[in-house]
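**Q** Sequence:
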Amino acid sequence: MTGERTPKRRMSAERRRAQIIESARRVFAESGYAATRTREIAAEAGVNEAMLYRHFPSKEELFEASVLESIDAAMVRATENAHGISRDLAGSASDVEDGIRRFFTDLADLAVDLGPLIGATGFGPNSPVRTKLIERLDALFEVATAITVNGIPDLMRDEIDVRLGLEEVFGALWFSAEMARWTGRTFDRETVLDQMMVTVFHGIIELPEDDDATQTA
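Position one of the sequence shown corresponds to residue 1 (full-length UniProt numbering), numbered consecutively onward.
The hints are all genuine.
Pair ranges (Cβ atoms, derived):
| # | residue 1 | residue 2 | range |
| --- | --- | --- | --- |
| 1 | HIS202 | GLU49 | 51 to 59 Å |
| 2 | ALA34 | PRO57 | 16 to 24 Å |
| 3 | THR105 | PRO57 | 30 to 38 Å |
| 4 | TRP182 | ASP95 | 30 to 38 Å |
| 5 | VAL198 | ALA50 | 49 to 57 Å |
Derived lysine to any residue pairs resembling SDA-like cross-links, with alpha carbons at most 20 Å apart:
| # | residue 1 | residue 2 |
| --- | --- | --- |
| 6 | LYS132 | GLU64 |
| 7 | LYS59 | GLU22 |
| 8 | LYS132 | ASP72 |
| 9 | LYS132 | LEU68 |
| 10 | LYS59 | GLY32 |
| 11 | LYS59 | PRO128 |
| 12 | LYS59 | GLN19 |
| 13 | LYS132 | GLY119 |
| 14 | LYS132 | GLU167 |
| 15 | LYS59 | ARG37 |
| 16 | LYS132 | GLU61 |
| 17 | LYS132 | ALA34 |
| 18 | LYS59 | GLU69 |
| 19 | LYS59 | LYS132 |
| 20 | LYS59 | GLU30 |
| 21 | LYS132 | ALA65 |
| 22 | LYS132 | ALA35 |
| 23 | LYS132 | ALA120 |
| 24 | LYS132 | GLY32 |
| 25 | LYS59 | SER70 |
| 26 | LYS59 | GLY46 |
| 27 | LYS59 | ALA120 |
| 28 | LYS59 | ALA18 |
| 29 | LYS59 | GLU44 |
| 30 | LYS59 | ASN48 |
| 31 | LYS132 | ALA73 |
| 32 | LYS132 | THR36 |
| 33 | LYS59 | GLY119 |
| 34 | LYS59 | ARG16 |
| 35 | LYS132 | GLU60 |
| 36 | LYS59 | GLU40 |
| 37 | LYS59 | ARG39 |
| 38 | LYS132 | ALA29 |
Simulated from the structure, these hints should not be mistaken for laboratory data.
Note that the structure is a prediction, hence the values are computed from the model and not measured.
The beta-carbon is built from N, C-alpha and C at its ideal position, and this holds for glycine as well.
All chains should be modelled from the sequences, with the hints used to inform the complete structure.
**A** Spelled out as structure tokens, the structure:
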């Protein structure tokens, strides 16, 4: 019948929850945990606060769902991939390179997806959510360290602190992603990973030969 409106289909509870989580990530990343208000998240998601509280009774629970659960998922992926990566790391040089690149790809994706949230929360005032964030990241790097050490024990340099090295890699990836975001540039993940692989395997600077050592030889 002309003039009749087709009734709008209601969004499922699952889709609505996902929409609120994505909105919360944006607001938390912009304002940090302490300064964020639930009404701001509700407005970003296009819902009222009553609807938001139906899905998440508190701001802390919303933070856990939007940030901490994502880190937990990354830990699960890292653990599930551990066997395949370990096999690569015990293989040929190309297998080792492929395995490490896949591992760095996961870290790069985490830096892109959660970097702004980690920065906004980790550098903000101390709070229960900041403590939980640090605990999750600490556990993630413990898993990553175990995978690396168990996968390539014969290839590790004695002077390398694996845990510290992985933190440095993540820090570099995180900063590259943030610089792209701050300057409005596209984050070219593959180019960044290419550079990271060159740095890990070959370094950046080649020291000149010592003249005295050359003459003595």
